[in-house]
Amino acid sequence: MIWLTWRQFRPQAITAAIAVAVVASVAAATGPGIASAYTASGLPGCHASCATDASNFFTGLSRLDLLLYFGSFLLMYLAPALMGLFWGAPLIAREVETGTHRIAWNQSVTRTRWTLVKLGLVGLAAVATAGLLSLMVTWWASPISHAALLSGGQISGLVPRLDPPVFDATGVAPLGYAAFAFALGVTAGVLLRRTLPAMAVTLVAFAVIQVLVPNLVRPHLLPPDHFTAPLHEPFGVNVNAATGQVNGIGLARPFAKPGAWVLSDVIVTSSGAQLPNVAITFSGAELTVPPKGCTFTSGAAAGPAGLHDCSSVLAAMHLRESVTWQPASRFWPLQCIETGIYLVLAAGLGWVCVAQLRRRRTA
Amino acid sequence: MTNATAIEARGLGKRYGRRWALADCTLTIPAGHVAGLVGPNGAGKTTLISLATGMLAPTTGTVEVLGGAPASGPGQLARVGYVAQDTPAYAALSVADHLRLGARLNPRWDAALAQARIKELGLEPRQKAGNLSGGQRAQLALTLALAKRPELLILDEPIASLDPRARREFLQVLMNAVAEQELSVVISSHQLADLERVADYLVVLVDSRVRIEGAVEHLLATHHLLTGPRRATSLPASQQVVAESHTGRQSTLLVRSSEPVIDPAWTVEEVSLEDLVLAYLGHTSTGSPDIRALEARP
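If you read the protein sequences in the order shown, they are chains A and B.
Residue numbers are given in this note's numbering: position 202 of the first sequence equals residue 243, and the series is strictly consecutive.
Residue numbers are given in this note's numbering: position 264 of the second sequence equals residue 614, and the series is strictly consecutive.
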């Protein structure tokens, strides 16, 4: 049975091996350069200069490096879906479509064993492929992820490893995704008995799950931390030079946790209501409609020093920053929990396949 | 032969939605025969065979194959060979791969037999099964089933899509195998002509029900074609009219009777297997007396 499964899977296995080899050679060609740039940037063991070092490191990256960085996430999103589509969905549906299951089920091997060997072997290949890809991407992208963490989030688009695109593409999570996508494809094939509809259903279902889980499930896998602190210190001001009109006031944010995965970040008033017209950036929270009474001394140098009566107005508002977040230290616990969930779901789908083929026999 | 019966069905039925593909089928096909399963398209032949091979689960009743539940385990699977309708093959796998498949998946695999058969058929081992002709693919499927060394070989319309020469070759190979191996065979066809030369046991299936079954010799010995003047005499109770046809003065009856017909009013002729089956199928045959089948189940 193992031989037959391997013989049938051989073309796909060769395709996967070529894909892994291509990724490996690209990683080997560009990875060491990035790693040595990281070492040279002074980021390892940095203290006060981390943000500057990170900034320098990023400016030193080539366009190709950045393209590969984002491309690797795309690859890691696509790989499990492709394995579900092209390995999972046809695994049994193709046999039923072409009638070859009538050959397979009439050799001296029970249907259950046939199903289990096919599921196990090809499923293992899917997990191994995802594992190899994740290993390479994790290694290749780790200097960039580390730098993003040390930069404190000041470089837009580059996020620490706990944030969704990096979390989904690195660590052990892709193994779980691959196992699940594959099992989803097989199950769709068993239930629908036709390859193309099974592929369509697999693609849609997996895409929906990949959107829902990071947004709705992952934040609650471990109870998130809550942070709240007053903010009232203006550190910047946005003034129309011609009219002296204050367009916005920048307040320093008290929340500063490197590598944190911020789930929600709002400014609330003393009554607990969310303050509208706030733009929260890395550098601070900008009140785009300045509170009444905050005026700017005409002709003063740009900066918070030119604001008039503003501190007392802001202090009276009792504004607080309220953050729901997951600390960076939870990367591996969250990875393991999520992978475990996906593996359990995959095993459940495998059981559905075996039970379906045992019970509802297909002629 | 360890079991006296090849296939035993009791009240066997299979329903798809509201339609019964096979209903209340009770039959006993003894082992040691080449049993022909005849019936028009849609009569339930494939359903019966799918139930007997465990490809389908029955809605009602039970079926036993060689005394065991179909496909109930590796041991049971090893005892039954199956050549499915349209003789499927793995298109991407070569002829040699198919033999390797058989060798890996069957404990009683006869590699020498398989090799000899492929050589005899002139099949190129490296050729992909997807490139084989219909006849070659059917032969490959038969080789796979025979080299498994089954006690019972079940074939579902194996020659329906073959040209006459391929049909003859296929049946020739099958009959040689039956002679060489201790093998019971159940073979289905919608055409009696395909089975007339090979089958020594017959099951006629019409409208998802068994119309008649029995050894061919016995069927021929117990059916008689009577010709005589119209309404000559009434028949004794032991004689059952299967079909009758009438002209102005003359009646022709196909009668089932275990005793010889001795009434001098009738001219008694031996019945051909074709006429017998056609009578039960409810068809008329050309070139022989016009016989109308009665809705009677033996």
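Among these hints, one or two may not hold up.
[As the list claims (entries may be wrong)] Calculated pairs, SDA-like style, for lysine to any residue (alpha carbon to alpha carbon, straight line, at most 25 Å):
1) Lys298(A) with Ala241(A)
2) Lys478(B) with Glu138(A)
3) Lys478(B) with Gln315(A)
4) Lys478(B) with Pro52(A)
5) Lys298(A) with Gln315(A)
[To be verified] Reference excerpt, derived from the structure (chain A facing chain B, CB under 10 Å, subset only):
6) Arg48
7) Gly140
8) Ala145
9) Arg234
10) Leu237
11) Gln251
12) Met358
13) His359
Derived from the structure by calculation, the hints contain no laboratory data.
Glycine included, every Cβ here is placed at the ideal spot set by N, Cα and C.
Results of checking the hints against the structure:
1. Lys298(A) with Ala241(A): Roughly 42 Å separates the two Cα atoms, so the pair is violated.
2. Lys478(B) with Glu138(A): Holds - the C-alpha atoms of Glu138(A) and Lys478(B) are around 19 Å apart, at most 25 Å.
3. Lys478(B) with Gln315(A): violated (70 Å)
4. Lys478(B) with Pro52(A): holds (15 Å)
5. Lys298(A) with Gln315(A): Distance ~22 Å between Lys298(A) and Gln315(A) Cα, so the pair holds.
6. Arg48: holds (6 Å)
7. Gly140: holds (4 Å)
8. Ala145: Since chain B brings a Cβ to about 8 Å from Ala145(A), closer than 10 Å, the hint holds.
9. Arg234: Not OK, violated: Arg234(A) not within 10 Å of chain B, min 13 Å.
10. Leu237: Leu237(A) check fails; min Cβ-Cβ to chain B is 17 Å, beyond 10 Å.
11. Gln251: It is violated, given that the least Cβ distance between Gln251(A) and chain B is near 31 Å, above 10 Å.
12. Met358: violated (70 Å)
13. His359: violated (70 Å)
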